[in-house]
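From first to last, the protein sequence lines are chains R and X.
Per the numbering used here, the very first residue in the first sequence carries number 1446; after that it's consecutive.
Per the numbering used here, the very first residue in the second sequence carries number 1446; after that it's consecutive.
The set of hints was computed from the structure by calculation and includes no laboratory data.
The list makes no distinction among identical chains, and a pair is therefore deemed to hold if it is satisfied within one copy or across any two copies.
Heads up, simulated SDA-like pairs for lysine to any residue below, C-alpha to C-alpha not over 25 Å straight-line:
| no. | residue 1 | residue 2 |
| --- | --- | --- |
| 1 | Lys1505 | Ser1621 |
| 2 | Lys1519 | Pro1447 |
| 3 | Lys1597 | Gln1580 |
| 4 | Lys1519 | Glu1624 |
This one's a predicted model, so the numbers in the text were calculated from it and none came from an experiment.
Number of protein chains: 2
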Amino acid sequence: MPTLDFWYEFASTYCYPAAMRIEKHAAACKVAVRWRPFLLGPIFDRQGWTTSPFNLYRAKGQNMFRDLERICAKEGLPFRRPDPFPQNSLLAARIALALDDDKRPAFSRAVYVREFAEGLPVDDRDALAKILADQAIDPGLMLAAAASPAIKDRLRAAGAEAERLGLYGAPSFVTSGGELFWGNDRLDDALAWALSESD
Amino acid sequence: MPTLDFWYEFASTYCYPAAMRIEKHAAACKVAVRWRPFLLGPIFDRQGWTTSPFNLYRAKGQNMFRDLERICAKEGLPFRRPDPFPQNSLLAARIALALDDDKRPAFSRAVYVREFAEGLPVDDRDALAKILADQAIDPGLMLAAAASPAIKDRLRAAGAEAERLGLYGAPSFVTSGGELFWGNDRLDDALAWALSESD
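Can you make the complete structure from the sequences, with help from the hints?
Structure follows, in structure tokens:
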């Protein structure tokens, strides 16, 4: 089965609709998805951006939120803007990496739902512990694992790999052959490319 | 018949596939298109960008050209990158504005074909005179009109209107009701919105 890497950042708005639909689209064309959490902050930092480009460039940010409202309406997803935006995604990303592969998608979707459907913070231990408990995962164990040097290293390594692959935004999709697609809009193209590589 | 404003910038890569397909898509859903040339340079300037963001942000620029290749392959459009990129679009935009409304689309498409299908410069009088002559338009008359204070003012006014509408990139689509869509990807959504406003 061909595999597509789904690179996502918990602070990213367009990752929300992508995370909510990727498994359905991938299943329809028999492509496996690898969920790859990473942080965009360090990449933005090196571009001289101290916050989200949607905050730095006001007109762009304003229309992005409008566009996201339209997309969510079309997909039947609730949308509420979290305050502040962007949310600090460090702890959520560490937890996602610490989880077993088969637990990562549901946890990640739950973070996005809390953040962008409910507009609630996802940057603190209590919020993330609640999400874990709701999924019958021991919050204490996972929060401890997320704070371990091994997981901190893995997240840094994921960021370094993302940069090597040429990532500059999220969501991004990378095929086994290294073809990079950026943006929720490109999900189906990326899946088709992943399929074509396995022919 | 509902109308959609198509805001385009001759230096913009994604305007090429948008310009080549917009009339077909608009005709299919019975929406009229108003071709609105403008310059992004002054808007970028005010954001502190001295050239295209695709030059400023290297990874983004690299993937944009790859993405454009994929889009053009899908649409059956030839693609060749002009050098230098971006091309100076001032004269082409002034000519496009000086033309009668019914001559503007074909001239604009011909500029994009020269620039992005053939990879040739579109910033000089000779190149643009050739395009005009090919369309049985008097190049001398049009180049004189393009240099008139009235046309220079109209282009500045278009830029001011674009900024008032919240434009920050191209192509952009704006409905009669003021709904703004950014990007070649959003063409069909913008047409559907324009239609829905006329219900």
